[in-house]
Amino acid sequence: MGAQTFEIQFGRGLDRASGHLAAAPETMRDLRNVYVRDTRLEIRKGAVRTATVGDTITGVFPFITEQAGVLTALEGSSLRVYLVDGFGQGSPPLFLGDWGTLPEGAHKPPRTLGAEAGNRVFIAHDEIHIGKRLPTVIYQPFQSDTFVTLRQDLGGGEVDVKFRGVAKHLEYIVGWGFGNIDDQDRQEIVRISLPGLIDETGEVRFLPEHYWIVGTRGDPVVRCIPLGIDEPALLAFKSAETYLLFGYDQTNFGIRLIDSRHGLASSRLAVSYDGMVFFWSLEGPRVFDGPGASKELAIPLDLRAPPPSSLVQSGAIEDGWAEYVPERRAIRFVFGPLKYVLHLWNPTRPEWSYEEGLDEFCGGIIFGGGTPVFGPPSGAPSLHDVVDIETTSVRLIIEHSGAEGNEVLEVWLRPSGGEWFRFTPEMVRLPGPQSVQVTDLQPGTSYDVAVRYRRGPHFTPGYENDPDTWPSYEAGAFVTTMDAPVIQQATWERMSASSERILVTVSPVYNDVDLELLSGGVVVGTAPAPHSGPVTIAHVDPAGEQLHTYTARHRTAAKEGDESAPVSRWAGPDAPTLTEIIPQGVCVYTVRWTSASGSLYTEIEDDYPNSSFALRGTADPGQGEIQVAHGEAIDDCAGLGGEMIPVGVRIRHRQDSFGVSDYSQYAVDVTSLELCNACSFNGGGGGGGDDDPPPVLPPEDT
Numbered sequence: 000m001g002a003q004t005f006e007i008q009f010g011r012g013l014d015r016a017s018g019h020l021a022a023a024p025e026t027m028r029d030l031r032n033v034y035v036r037d038t039r040l041e042i043r044k045g046a047v048r049t050a051t052v053g054d055t056i057t058g059v060f061p062f063i064t065e066q067a068g069v070l071t072a073l074e075g076s077s078l079r080v081y082l083v084d085g086f087g088q089g090s091p092p093l094f095l096g097d098w099g100t101l102p103e104g105a106h107k108p109p110r111t112l113g114a115e116a117g118n119r120v121f122i123a124h125d126e127i128h129i130g131k132r133l134p135t136v137i138y139q140p141f142q143s144d145t146f147v148t149l150r151q152d153l154g155g156g157e158v159d160v161k162f163r164g165v166a167k168h169l170e171y172i173v174g175w176g177f178g179n180i181d182d183q184d185r186q187e188i189v190r191i192s193l194p195g196l197i198d199e200t201g202e203v204r205f206l207p208e209h210y211w212i213v214g215t216r217g218d219p220v221v222r223c224i225p226l227g228i229d230e231p232a233l234l235a236f237k238s239a240e241t242y243l244l245f246g247y248d249q250t251n252f253g254i255r256l257i258d259s260r261h262g263l264a265s266s267r268l269a270v271s272y273d274g275m276v277f278f279w280s281l282e283g284p285r286v287f288d289g290p291g292a293s294k295e296l297a298i299p300l301d302l303r304a305p306p307p308s309s310l311v312q313s314g315a316i317e318d319g320w321a322e323y324v325p326e327r328r329a330i331r332f333v334f335g336p337l338k339y340v341l342h343l344w345n346p347t348r349p350e351w352s353y354e355e356g357l358d359e360f361c362g363g364i365i366f367g368g369g370t371p372v373f374g375p376p377s378g379a380p381s382l383h384d385v386v387d388i389e390t391t392s393v394r395l396i397i398e399h400s401g402a403e404g405n406e407v408l409e410v411w412l413r414p415s416g417g418e419w420f421r422f423t424p425e426m427v428r429l430p431g432p433q434s435v436q437v438t439d440l441q442p443g444t445s446y447d448v449a450v451r452y453r454r455g456p457h458f459t460p461g462y463e464n465d466p467d468t469w470p471s472y473e474a475g476a477f478v479t480t481m482d483a484p485v486i487q488q489a490t491w492e493r494m495s496a497s498s499e500r501i502l503v504t505v506s507p508v509y510n511d512v513d514l515e516l517l518s519g520g521v522v523v524g525t526a527p528a529p530h531s532g533p534v535t536i537a538h539v540d541p542a543g544e545q546l547h548t549y550t551a552r553h554r555t556a557a558k559e560g561d562e563s564a565p566v567s568r569w570a571g572p573d574a575p576t577l578t579e580i581i582p583q584g585v586c587v588y589t590v591r592w593t594s595a596s597g598s599l600y601t602e603i604e605d606d607y608p609n610s611s612f613a614l615r616g617t618a619d620p621g622q623g624e625i626q627v628a629h630g631e632a633i634d635d636c637a638g639l640g641g642e643m644i645p646v647g648v649r650i651r652h653r654q655d656s657f658g659v660s661d662y663s664q665y666a667v668d669v670t671s672l673e674l675c676n677a678c679s680f681n682g683g684g685g686g687g688g689d690d691d692p693p694p695v696l697p698p699e700d701t
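Under numbering that gives the first Met the number 0, the first residue of the sequence shown is numbered 0, with each subsequent residue one higher.
Worth double-checking, as some hints may not be accurate.
[Said to hold, decoys possible] In silico lysine-lysine, BS3-like type, Cα no more than 27 angstroms apart, as pairs:
#1 Lys294 - Lys167
#2 Lys131 - Lys167
#3 Lys131 - Lys107
[As the list claims (entries may be wrong)] Between beta-carbon pairs, the in silico distance windows are:
#4 Met426 - Asp198: 23 to 33 angstroms
#5 Val386 - Pro346: 48 to 58 angstroms
#6 Asn251 - Val521: 29 to 39 angstroms
In case anyone wonders, no lab produced these hints; they're calculated from the structure.
From the three backbone atoms N, C-alpha and C, an ideal C-beta is built for every residue, glycine too.
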């Protein structure tokens with residue numbers, strides 16, 4: 000048999016060095032089934048069958064988290080969802096769930112749109128008739144229910160949400176074409192989820208009031224797709240106009256019309272590349288390269304192929320779709336067996352080619368990586384250690400055994416008395432040990448821990464069910480810490496002739512955790528949760544007229560929290576503040592003070608002349624000074640035959656209530672006063688003697 004030959008009609012021959020066909024630009028008109036780069040052509044590779052799913056595959060959506068792809072397929076009248084590996088090894092697709100039965104009269108094959116966000120894949124049925132549209136579904140392999148229908152309360156009650164399409168934007172998922180339970184057919188509405196998708200319960204959440212109204216009511220939004228890199232926005236296509244949805248949170252979201260002539264010919268005919276959006280309008284291919292109006296693609300679509308207008312007339316555009324081929328830097332616009340390919344090796348000079356071949360209904364990129372193993376894992380992880388234990392977080396050290404590196408590591412935790420929950424999984428990182436930072440824990444709580452491997456929807460044998468049964472289960476693996484509360488103040492009061500108490504005001508850190516008050520390391524009072532602001536805890540009948548030092552802490556059944564800074568309080572009334580001692584000669588002085596309360600008596604003592612304190616006078620409530628005389632008001636100590644000596648002075652308050660006297664701490668001054676030791680009263684060396692009563696003298700005018 001002779002050598003096989005090819006007729007080269009469009010160029011100058013074969014470049015033996017590169018394997019490409021070199022062509023003169025002026026001859027490039029019949030560019031079928033080739034890829035174009037810098038006037039060089041490469042024949043398009045063929046396709047290889049790797050798996051068969053149903054009658055018609057209607058959607059291919061990447062799931063980068065699992066290095067896998069999610070497929071929707073029509074089997075008879077049933078729409079089903081499958082998982083396929085991302086390595087192209089021909090592994091049998093794994094059935095995830097039945098989406099539903101395609102209603103009579105719905106477009107067939109059905110168009111489906113999907114988006115990955117938050118370790119989930121959202122899939123919507125792109126059917127214009129709301130009564131023939133299936134509800135939006137979610138594949139969420141890291142949740143207990145892996146395949147669920149999206150149900151939300153969007154106003155008026157919970158309902159199965161029937162978006163026409165979904166897209167990821169920033170940290171949100173958006174969906175369009177659905178109102179609420181009472182007004183479902185709202186084709187012009189675009190709804191947006193909570194940031195991060197989920198609420199405090201871990202469920203996907205759309206709030207009723209978070210939506211845009213795009214253009215005229217009843218004119219459907221066909222597709223939403225992100226635009227831009229530096230300032231991301233979202234394009235909302237209609238069939239003959241395009242809107243820009245801008246902003247990054249509910250405080251600055253907005254909308255404006257940016258192209259009043261051009262929209263999207265069909266929902267799947269748009270694709271993002273390098274911050275731009277390439278799309279096929281009713282007039283042909285165009286591009287949005289910024290937040291302004293779209294532009295016609297620079298190179299005319301000058302090919303020996305059906306013109307764009309014929310696609311609209313033939314109806315082929317309705318099921319058209321677009322994809323970006325990374326290894327070729329090419330965008331394919333596919334209309335069944337006809338494909339228009341835009342080559343972007345040089346974005347400033349895009350080039351077109353044209354393909355004929357298989358009748359393709361959908362396509363997409365599935366990202367693989369690592370070793371192509373798809374099936375149940377055989378290894379088992381174990382908890383090696385728990386470190387960096389804080390109030391709401393810990394770091395788990397996981398040992399790997401039998402892992403191959405393409406498994407997902409699942410960490411399950413259970414608080415004491417609570418239910419198991421799964422922390423956000425992550426990919427296995429070999430060789431290990433692997434550090435897993437666990438957050439959003441409850442302070443002062445004991446946690447059980449169990450870990451396992453997962454690959455796709457499969458688990459290591461023996462790890463499929465309740466974590467209590469897994470070999471890796473560790474009861475009471477760690478207890479989180481608790482921060483210390485703050486003592487704000489402490490006051491004393493007498494309750495009766497036989498009872499008194501100290502009231503300590505504490506600001507809790509955790510309103511749902513009990514408080515304890517300690518003195519000398521012993522619990523003297525408690526305040527059970529819940530709290531709402533500062534809490535007052537009573538120490539009943541402390542030892543009277545003593546100084547008591549307090550700390551406070553939180554306590555749970557599993558943990559005693561850190562203790563607060565200490566605060567001390569005297570078991571009695573507050574002390575006065577001694578402000579001034581004024582000598583008046585060598586035997587008389589005046590004491591001045593500030594009272595802690597206007598209802599307290601003030602007692603004055605000094606240690607004249609022999610360093611033993613004795614009561615020298617009592618001031619009535621409200622009085623702020625008193626004069627003490629140890630002799631005549633004279634200025635010459637030598638004339639008395641004595642010498643000056645230091646005298647200590649102290650004062651305290653006295654409270655009389657319930658027939659009981661309670662005393663404050665002393666305010667003491669032992670440095671400010673000197674008197675003559677030969678004064679005549681109170682034991683001085685003068686003629687008065689110890690038996691002479693001290694005179695009552697009015698205070699001097701000052």
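Structure-inconsistent hints, enumerated in ascending order: 6
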